[in-house]
Amino acid sequence: MGVDIKIEGLTKSFGKQLIWGDVSLTVPAGEICVMLGPSGTGKSVLLKTLIGLLKPDRGSVVIEGVDICSCAEKDLYEIRKLFGVLFQDGAMFGSMNLYDNVAFPLREHTKKSEADIRKVVMEKMDLVGLIGAEDKLPGEISGGMRKRAGLARALVLDPEIVLFDEPDSGLDPVRTAFLNQLIVDLNAQIDATFLIVTHDINTARTVPDNIGLLYHKHLAMFGPREMLLSSEEPVVRQFLNAQRVGPIGMSEEKDADQLAAEKDMDLPPLPPIALQLDPSNGIPRRSQRPPGEWCRENGVTPPPGSFLQDSVLAGGAGA
Amino acid sequence: MSSVSAAKVLAPVGTAGKLFAFGLDVCRGIFRRPFQLREFIQQAWFIASVTIVPTALVAIPFGAVIALQVGGLITQFGAQSFTGSASVLAVVREAGPIATALLVAGAGGSAIAADLGARKIREELDAMMVLGIDPIQRLVVPRVLACMLVSVFLNGLVSVVGVAGGYVFNVILQHGTPGAYLASFTALAQMSDVWQGLIKALIFGLIAAIVASYKGMNAGGGPKGVGDAVNESVVITFMLLFIVNFVMTAIYFQLVPAKTG
Ligand SMILES: Nc1ncnc2c1ncn2[C@@H]1O[C@H](COP(=O)(O)OP(=O)(O)OP(=O)(O)O)[C@@H](O)[C@H]1O
Ligand SMILES: [Mg+2]
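Residue numbers (this note's numbering), protein chains in the order written: chain A, 1 to 319; chain B, 1001 to 1261.
These aren't lab readings, by the way, just hints derived from the structure by calculation. Just so you know, even glycine gets a beta-carbon here, dropped at the ideal spot from N, CA and C. Mixed in with the good hints there might be a few duds.
[What the hints assert, rightly or not] Simulated restraints, written as ranges between beta carbons of each label pair:
no. : chain 1 : residue 1 : chain 2 : residue 2 : range
1   : A       : Phe14     : B       : Leu1255   : 32 to 38 Å
2   : A       : Phe14     : B       : Ala1021   : 41 to 47 Å
3   : B       : Phe1242   : A       : Phe14     : 56 to 62 Å
4   : B       : Phe1020   : A       : Met122    : 42 to 48 Å
5   : A       : Met122    : B       : Ile1243   : 52 to 58 Å
6   : A       : Arg58     : B       : Val1256   : 53 to 59 Å
7   : A       : Ser95     : B       : Val1235   : 26 to 32 Å
8   : B       : Ala1021   : A       : Arg58     : 21 to 27 Å
Produce the complete structure using the sequences and hints provided.
Given below as structure tokens:
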């Protein structure tokens, strides 16, 4: 069973540049969360703060009763064993081939025999579709392959918390669809807590249980998927529907003139909310809620056409 | 405004402090098990392979120049019989450690900084820390020890090649007598000169590797950051090594009385 991450009043700046301030949220145990945000809003910085690679200016990140931001180095290395992390560029060790890269955590942290290691490594390589590329060096493969290899390495120690930095950037649409299915299946299998940073709207709309949006140096909204997908809040609405009309401009924020010019424009209607992606065996995940439950409980009328069976088949059509 | 300039003035002090703290971390890491023997051997081999040939090539003209200078000077004093001794002294005491410092910093240190810098910007170091492995223990300690070991070897190499080069120059070009050159070896030089060369080389290796590792691990801002890190590490190491060399020489002269021949 995964563990939850309690983030309280987190603030981070580099020198004078504030990245984000006062971010508070709880990533619930065993659920899939997606963190969205325009480029450069500090999503990668947030992930690095959660694993203690960067120290925040203020605030705390509590995992299993330990505050990552103020604990001793020794405890930090212990806590990190709970994590599997996929970095934005895969972060494979350039001097080792893929097999050794994936085997690395096992060799360092377990007393498994080489034969056992081989079994686990091949199983994970198969999972990400990299069988046959074990002997390649990271420099010799494509970005997408590096990413999948990074995923295999992140999963090899059966982590309780899995952090993904843009698992789908640099992947083709088919691989992205497979990867999304893989994430859902993994969550069903190992019940780990997943936090995914992504730009892919389709992923954000169909995979997670919860969505968060970082915007303009703060956490604009964090909550159940249906809450954000049915939200009328301009920033959330603009981002989740990939529209040009709204407060977000090319360079972070639009100026007053632009906003005034847009004032009378009609916002396009909210697209229907698609069904959440089911695990491939069809049995709902433990943390999965029935479609439309949140909307019913909170008296929100979902956009017309939501939660229809064929909207999931259409895949990206809703986005 | 004044606080900004004060911060700027004090910045080098902060950097020096961080470098020192990093050095302490490395020293602590040396005693932490398991020791990375494989990495150590690989690194020692690698550093040796990038430094041995240039060191030998530098040592020959170094020895020759010293032989020329000393030989000329000593002839003017009419003390030709000490030529061998004087050039041995110069090579073993100063030229050896200095040539070692130049090559360890220039070839070994730059390779370390480039390697760690590239790992840093590819987020390999972050990935390692996330996998629960301390890069200082895993990567830096073996490099520092390897660099120290190789420095000692290089120091020996420079001494041998330099003295041999001096011999060739003195005997062939300056028409000194081989017998006198060899016989006067021990007239001024003594065993403690060899020891101090050795200790200097050890410390130079330590400093070069620590500065290079520190700069490499703190590289930032993409490939250009790695280039800057390499560049800075070489410049800083040179400056530090020459200062440390001066201080150690001064201490040595206080501690060990000169031999009267
Ligand atoms: N080590 C650092 N030192 C200084 N500034 C940094 C550092 N790391 C990140 N930043 C700054 O923090 C901001 C956020 O960077 P980050 O990489 O987290 O963005 P992001 O949201 O992940 O963007 P993208 O979606 O493009 O990956 C950027 O403006 C970047 O310049
Ligand atoms: Mg990023």
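Evaluated hints:
Here the CB-CB span from A:Phe14 to B:Leu1255 is close to 48 Å, at odds with the stated 32 to 38 Å. Between A:Phe14 and B:Ala1021 the beta carbon distance is about 21 Å. The supplied range of 41 to 47 Å is therefore violated. Look at B:Phe1242 against A:Phe14: about 35 Å separates their beta carbons, and that is not inside 56 to 62 Å. Between B:Phe1020 and A:Met122 the C-beta distance comes to about 46 Å, which sits within the given range of 42 to 48 Å.
Taking the beta carbon of each, A:Met122 and B:Ile1243 are about 55 Å apart, inside 52 to 58 Å as hinted. Take A:Arg58 and B:Val1256: their Cβ atoms lie about 56 Å apart, and the range 53 to 59 Å holds. At roughly 27 Å, the beta-carbon separation of A:Ser95 and B:Val1235 lies within the given 26 to 32 Å, and the hint holds. One distance hint, 21 to 27 Å for the beta-carbon pair B:Ala1021 and A:Arg58, holds here, with the actual separation near 23 Å.
Of the hints listed earlier, those the structure fails to meet are numbers 1, 2 and 3, in rising order.
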